[in-house]
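Listed below are the residues making up each chain.
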Amino acid sequence: MRIPCPHCGTRESQEFVYRGDAAPVRPADDGAMFDYVYLRDNVAGVMREHWYHAQGCRQWIVVTRDTRSHAIDHAEFAR
Amino acid sequence: MADLVQMIERAGLSLATVMARKGADYGAIIAALGDGELHATGPGTWLAVSDASLDELPDRLRGQASVSDQSGGYIVYRFAGPGARRLLQRGAFIDLDPEAFGPGAVAVTAIAHMGVILWQVDAAPTYDVAIFRSHAESFRHWVEGMIPALAPISA
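Taken in order, these protein sequences are the chains called H and S. Read in order, the letters of the first sequence correspond to residues 1 to 79 in this note's numbering. Read in order, the letters of the second sequence correspond to residues 1001 to 1155 in this note's numbering.
Bound conformation, chain S alone (with noise of 0.2 Å):
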């Protein structure tokens, strides 16, 4: 199970959504994130991720952008190994394939039927997938039956 898909929860990250306010320029409010990570979730809006905290964000992004404090409302959980694509395309209905989704590409959509907003990090390929931290457990759940199923078409 470990050889195929490595699964650790990226523990101690700050996390906002940023929602522009009408008009708003994007690439100030990009900008004014820094060195953290922005996934675009919507027109004019994403989910912040940072390993620093975020608690200077709502100033700097005062009259441009409203930030909600997400770091209790999600749990972010990296996946990597030769088996991450395709546990993570066996509950996601989007295409995973290194042509419709690559390195920097987010989505926000369901895996198992539960919410997520999904990035894929790098070309190993590594994600990272934003759960609710109540649906966590259940997304648990469904890693753990579906890693051993993984296991015979791979060997």
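Okay, chain H solo, but in the shape it has when bound (with noise of 0.2 Å):
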């Protein structure tokens, strides 16, 4: 699978670290916090991820993935 860094261009995933769905934001309350650290939907189809290019510009990305066809829709700098 290759990843369209937003600064290094097309890279193959071997140089990027996964990290997972991008779309939990750290809780204020503690309350919340078991829900954030472990729960994950387990999405078949479209969904935002993180990604680390740790080979590579030492960015983390938001790749927007398929995960049925691991088509890549596009990325982004997550800041």
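I should point out that these hints are in silico values taken from the structure, not numbers from a laboratory. For every residue, glycine included, the Cβ atom is placed at its ideal position computed from N, Cα and C. Treat the hints loosely; a few may be bogus.
To be verified - Pair by pair, the computed Cβ-Cβ distance ranges are:
| hint | chain 1 | residue 1 | chain 2 | residue 2 | range |
| --- | --- | --- | --- | --- | --- |
| 1 | S | Ser1053 | H | Phe77 | 33 to 39 Å |
| 2 | H | Arg26 | S | Gly1104 | 40 to 46 Å |
| 3 | H | Tyr38 | S | Gly1115 | 30 to 36 Å |
| 4 | H | Arg26 | S | Ser1053 | 43 to 49 Å |
| 5 | H | Phe77 | S | Gly1102 | 23 to 29 Å |
| 6 | S | Ala1024 | H | Ser13 | 27 to 33 Å |
| 7 | S | Ala1136 | H | Tyr38 | 40 to 46 Å |
| 8 | H | Tyr18 | S | Pro1082 | 35 to 41 Å |
| 9 | S | Asp1055 | H | Arg79 | 29 to 35 Å |
Each of the two chains sits in its own frame; use the hints to bring them together as a complex.
Next up, the structure:
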């Protein structure tokens, strides 16, 4: 699988580290922390996910990918 | 072997990573380096390479960018010769074809699974590879094993 890094261009996925779903946001209260840390949807379809370009520009990026086909729509910087 | 690829260490270089502060003017940072080489490694980050000392660079970039000396951290190898491109392509995932990667191009990537900063010096082609000093022996071992494998198809 190749990932279109917004800085480096298209690169082999081995250069990246996968983090997972980009949707969860750190909650302000401790009560919601368990869900934030542990609970994830097992998405079958298009999802936005964090990847880290460890052997490249060392930036976190958000990749929009279809988990059924691995088709990548686009990627952008995470911040 | 020597006919196909020449590999030399660019000894005595000063190296430093330069990281722009938030809102800094990239043009001013690039201008501050003067005669040295500046290779882009990421958004707002560069590897500065110079035959002269870079000791004054932090002062020239004060408030604009953070400078970290890497002179002891990386070794820079220069690859030349008709087999240089094919050698590096054996280890790199990225496309080194002249249409995709030409003189002045820089890539932070991996060669033989070792992280490198690779840039093309000229169209001969000549390439430089900066690699962490602790990986250098493994990298040389890979090169020495790969060069003989290039020979049959280049004859």
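How the hints compare with the structure:
1. S:Ser1053 / H:Phe77: 33 to 39 Å: The hinted range 33 to 39 Å holds for Ser1053 of chain S and Phe77 of chain H, with Cβ atoms some 34 Å apart.
2. H:Arg26 / S:Gly1104: 40 to 46 Å: 42 Å, holds
3. H:Tyr38 / S:Gly1115: 30 to 36 Å: Holds: the Cβ-Cβ distance is about 32 Å, inside 30 to 36 Å.
4. H:Arg26 / S:Ser1053: 43 to 49 Å: Distance hint for Arg26 of chain H, Ser1053 of chain S holds at roughly 45 Å.
5. H:Phe77 / S:Gly1102: 23 to 29 Å: 26 Å, holds
6. S:Ala1024 / H:Ser13: 27 to 33 Å: Between Ala1024 of chain S and Ser13 of chain H, where Cβ atoms are some 32 Å apart, the hint holds.
7. S:Ala1136 / H:Tyr38: 40 to 46 Å: Given a distance of about 42 Å, which is inside 40 to 46 Å, the answer is holds.
8. H:Tyr18 / S:Pro1082: 35 to 41 Å: 39 Å, holds
9. S:Asp1055 / H:Arg79: 29 to 35 Å: Given about 33 Å between the Cβ atoms, the range holds.
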